[in-house]
Structure formats: structure tokens, C-alpha cells
Amino acid sequence: MIRYIIHRILQGIPLLFFISIILFLLMMNMGDPIATMGGRTTTRPADRERLKRQFGLDKPILVQYVYWLIGNDWTKIDLDGDGIAETKGQRHGILRGDFGYSLVNRGKPVLNVIGERLPNTLILMLAAELVIILGSLLVGVYSALHQYSFTDHFITTLSFIGYSMPIFFIALLSMYIFAVLFKRWGLPYLPTVGMFDPQIGKTTSQVLLHMILPVFSISAISLAAYSRYIRSTMLEVMNQDYIRTAKAKGLPKRQIIYIHALKNASLPIVTVIGLDLPLLLGGAVVTERIFAWPGMGRLFLDHVERADLPVVMGILMLISVAVVVFQILTDIVYAWLDPRIRYY
Amino acid sequence: MHPLLAVNNLVTQFVIPEGIVYAVNGISFRVNPGETLAVVGESGCGKSVSMLSLMGLIPTPPGKIVSGEAIYDGKNLLALKDEEMEKIRGKEIAMVFQDPMTSLNPVLTIGKQITEALICHLGLTTAEARERAINLLDMVGIPEAQRRLEDYPHQFSGGMRQRVMIAMALSCEPNLLIADEPTTALDVTIQAQIVELVLRLKQQRNMAVIWITHDLGVVAGIADRVNVMYAGLIVEEANVDELYESPNHPYTRGLLGSLPRIDRRRDRKLIAIPGSPPSLLVKPKGCPFRSRCPIGKEVCQMEAPKLRNVSENHRVACWIDISSGEQISG
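Residue numbers (this note's numbering), protein chains in the order written: chain A, 75 to 418; chain B, 716 to 1045.
Source of the hints: derived by calculation from the structure; they are not laboratory data.
Since we're looking at a predicted model, the values are computed, not measured.
This list has only true hints and no planted wrong ones.
Result set (DSS-like, lysine-lysine): computed pairs, CA atoms no more than 30 Å apart in a straight line:
hint, chain 1, residue 1, chain 2, residue 2
1, B, Lys806, A, Lys337
2, B, Lys802, A, Lys327
3, B, Lys802, A, Lys337
4, B, Lys796, A, Lys327
5, B, Lys1012, B, Lys1000
6, A, Lys182, A, Lys150
7, A, Lys133, A, Lys162
8, A, Lys327, B, Lys779
To give a feel for the contact side, a few chain A residues facing chain B, derived at Cβ under 10 Å:
hint, residue
9, Gln314
10, Asp315
11, Ala322
12, Leu325
13, Gln329
14, Asn338
15, Ser340
16, Leu341
17, Asp412
18, Arg414
Residues of chain B clear of chain A, computed beta-carbon distances all greater than 10 Å:
hint, residue
19, Ala794
20, Arg845
21, Val910
22, Gln918
23, Ile977
24, Asn1024
25, Gln1042
All C-beta atoms, glycine included, are put in the ideal place defined by N, C-alpha and C.
Isolated chain A (complex conformation) (with noise of 0.2 Å):
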């Protein structure tokens, strides 16, 4: 097992390489960074040439994935544009911890931008992914014991219209219904914008309050989508010959669901679930944006919009390293709900 751990490990060092190039030649054709810098008046060409070799953006693709990836303090760079390389480099490379600087948060460093952001979006989703997990583990269950019934159907109908929904609907439609007419009829009212009321402050019933409807939009999708692979892994499950042997064994019901079965439907919605995850660091795009909360899915729209490379790349190797270290720990946890599957 832990043989199998390195391995899989060393097995995710050239798969991130990979990632990194391509992202790398996507980003370069992202946009122009400089474009936007002078505010609203355009950047003027000789600015713009100091810029570029501030940046390092004069150098070739190769060079500056090279010096993004080890760093450029063992060379010597040309940042008074004489031709002249005198310069020592600065950077250490993202190999060694260094992600860069923002090109447009005034030089700030990438891994600062990020982690004033991080803790948002943590709360968001973890609160999002449990509710998506133990709604949709409650509905899909109930859903598929009462196979055909009322409410299954009702269940899977609303499900299949949730499922079938964008979330910016269901966000605005929320926003609607809980802040707009409930103020309208005098009822109490949800926030809609920001993590807490600058007013007030930022106070932990304060987030609570402004977490309600984003995580409401967020889960109401992967909710219906998990309830309905969970109610068919679960019928599936139901009709195997060792449920009937643990009937034919006069178990309670309720043993024979969360041990006998649970247990075996839980491969595959581990699966799911391990795959998903990862994604959680990436935020919520559209959620984020249509609630002003200051998350990742946020900052990742903002850069990219600008053309921020170190951001953006830094945003997106953390969520691919996250992508394969979760791909493990889904096999170790595999390994260990089905006694059938060994690594060596």
C-alpha cells in the first residue's frame, strides 16, 4: 500500500508538468496584461516596452515558462533595455515556492492574492459540499427504498428540473424570491451581496447569514445531480443476492440499508465525490460572481479578465495538484470500503 502510494505519487510529478506546459501556452494567448494597466487611458508604446521587460515578457515562451517554473536568479536579465544583461533575476521559480508576483495588484505576491482568498471560498464550499453530501445521501436513499412511489416521484421530477437548470437561474431566482419579496410582504429577508454588512462587521452570525443563498445555489444543482447517481446506485445495490441473503437472515431493515448496502453503493458515489472535490479550491465561478463574495471562482474571473498570468497560473496548479493528490486518496479510500481490491 504504501509502496503503491509513491508510486502513484512519482506517477502525478510528469503528469503536472504536463498540465503546467500546456496551461502555460494557453495563458500566453490569454491576452495583453499591459493593455489594462494605465487605467482607462491606453499604455503608451514606451511604457509599454519598459513594462514588457520588467515582466519578462519580451523573452521567448520557452524562457519564461523556465524562469516561471525554476526561476531567473542564476541569470542575469536586460531591464534598462541597452541590450545589456546586468541585472541579477529576482525570481525563485514555482519549484521552489515562489508563484511571482500579481502583474496588475501592484506587484503583490501571487501566493498573498491567493490566500486572502482561500479561506472565502473554503467556507463557501465546504459548507456547499456538505449539504450537497448529506442531502443528497438522504434523498437518494429514501428515494430509491421507495422505488416508484409518490415521493420518488415527486423527488426525481424536481430533481431532474433542478438538474436541468443554470445555476446563474437559480442564484437570481433566489435572490428573488428570498430577498426582494420577502422584504416587499415585510418578512424577514436574506442578504444578497458580500460576506457580512460592512456596518455591522465581519461577525461569524453575520457570514452565516450572507453564506445562506450562494450555498443554497450551489447544492440545489449537484444536489439533484448526486440524489439521482445515489438513488440508482442504491436500486442497483438493492437488488444484489446478498441483500436477499441478509433479508433471508431476518436482519432489521435498517441494518441491511446503511450496513449492507450502503457499504457497496459507496464505491462508486466515492468516486464522485473524490473527483469533485478538488474543484472545491477552484470556487464557484458564477455563484461568486452573482453574490459578490470574495472567493476564488471571483479572483480567478478578475485575473483572467486582465490577463494576470501568475495569478491565474497559480490558481490552477493548486487546483490541479489538489485534482491528483484526491485521486489517491480516492484509491486509499477504495482500498479500504472493498476488502476486494489490493494495490501492490
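Dock chain B against the given chain A, drawing on the hints supplied.
For chain B alone, coordinates are given in the frame of chain A:
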């Protein structure tokens, strides 16, 4: 003798998109304490469905027990609530299934699967249940029982898994064991071992056994009485010796005639009953065997024959007297 289990007029159907499957069409039989009843018939004749109906293991929907009663210990099993039935299943009446490869839960240890019934029915502690489980595995002939409790089903061979299934079924010392083709999925030498094992345990415990099979060869060795089923009906029931000596139903004759025999010439083809069983999707009318029957008459088209006494321990559902070939009077 007071029967252990008396089944009266059991009817089970399945409602599927293509229509209604008439799986069991009104069967009645009884099992006495300590006796072995064999239920014989080809695939799809309703053997398993009738037993699963008794145990309340028919998936509903699509299955539906339309009518009938099954009296066990003064209670009608078919009318019991789920919780009451849970107390009988596994404790009073246990079942062993056909395919040991799929009938054990792949993600739980054998020990867990044996002990959970003991804990649930007999209220044993985990330690007591483990002790008991070791004895049970020992009894069904699994070596190193103590170590093997921690093993998972995939670490056992097919025959060993069926032994585990039997150990599980017998764990609470049931009065009745329903064995649903327990040897079909096993190879021949293992089959013999399993049959022997069940017989030995049955004698030790004075337990009644219903043995479902399509193998008349096995029946001769183990059963006291035999029910022959065809298309959801019992067409003949008799003591085992009498059935083999003088089968009265043409279907039983066909079955016995199609048994391969060791004293027959090898180059002779195996004999088969011509035709195939009727579709269970058609509402039964007349004798179900009429289209394949060599001695059928007009009356067989009109009405299904009821079971009639041939002798004290022998009943048959046929309009024709097999020895004379004439329609029975009355």
C-alpha cells in the same frame, strides 16, 4: 402428525410492462417436522418464487402475493407485519440460495456475516457470537475456522462459500431449512459433499428441509416426499419411493425418462420431453401440460385437473388414468 408448515392455495404474480406473469397459480402443500420435502421442476416452474413468497422475499412491486396462506406455528406468514416476519426469518425458517458466489456480501467479513444474525436473533454478545461462529464453521467443515472469520467472501472457493451460507442458515437452529438449488452452481464432487453435509446436520438437529432442485437424481437420495411442479402448479406429490416406482403424471414420467442412466448404452441420445413449457404471461386455462402431453384428451383443453388421490401418500393432477389411458370418471 401436526404439520410444521401448511401452505394453502398460494398464488403469486408479477406485474411487468408486458402483462402479468402467472408464476405460482395456487399451490398447497405441507411440511412435517423433521422431514425432507423435495420440490422438483424445470426452470421457471415457480419453485423458487413459491418459497420466496413464503419468506416474504418477493420484491414488491413488481411481485404480488394474490392469495393464499402459509400457516407456521399458528401464524399466517403471508399476513405478518415486517417486524414479526423478521423474527421468523433466519431464526425459525432459514434459507440457502443457489449461487454462493453472489449471495455473500463482498465487503463484509465472513465473521461479521455469521455473527450478525446470532446477535440479532439470540441476543448474544459479540464475543459469544464469535465463539458460536467458529463452532459453526467447524461443523460445516471449514478448516482453521478461527482465522477464517476475518476473511472476506472472495477469499473462499465456491464450495466453501456455500458451506459458509449453510453455517449462516443453521446458526440460529431453525426448524425449517429451505435450500433453493444449493448445489446447482457447484461442480459435481462438491455437490455431493454439500448434500451430505445438509443431510447430516438435518439428522443431528431434527430439522425439516425443503430442497428445491431440478435434479431428480439428487432427490432420490435425500427426500422423504416429492412435489413435482409444472407451470406454477403442483402436478404430482408422493413419497419418494412411490414416485419413482409408479409416476402417475405424464410430466413426471417424462422427467424420470429423461434422466441419464449409467446402465444405458452410451451411444443412445439423451431423451427430452418434446415442446417447451407454456408462457407464464398467458392466463392459465386447462391443463398446463396439455400441449406436450402424449396422452392428453379433449377435457385437458377445457379445465385444469385438480389433485386427486392415487393412494394414501400419492396425489396427481391429471384427467387420465395412466395405466389404462382412459379419462377418470367423476
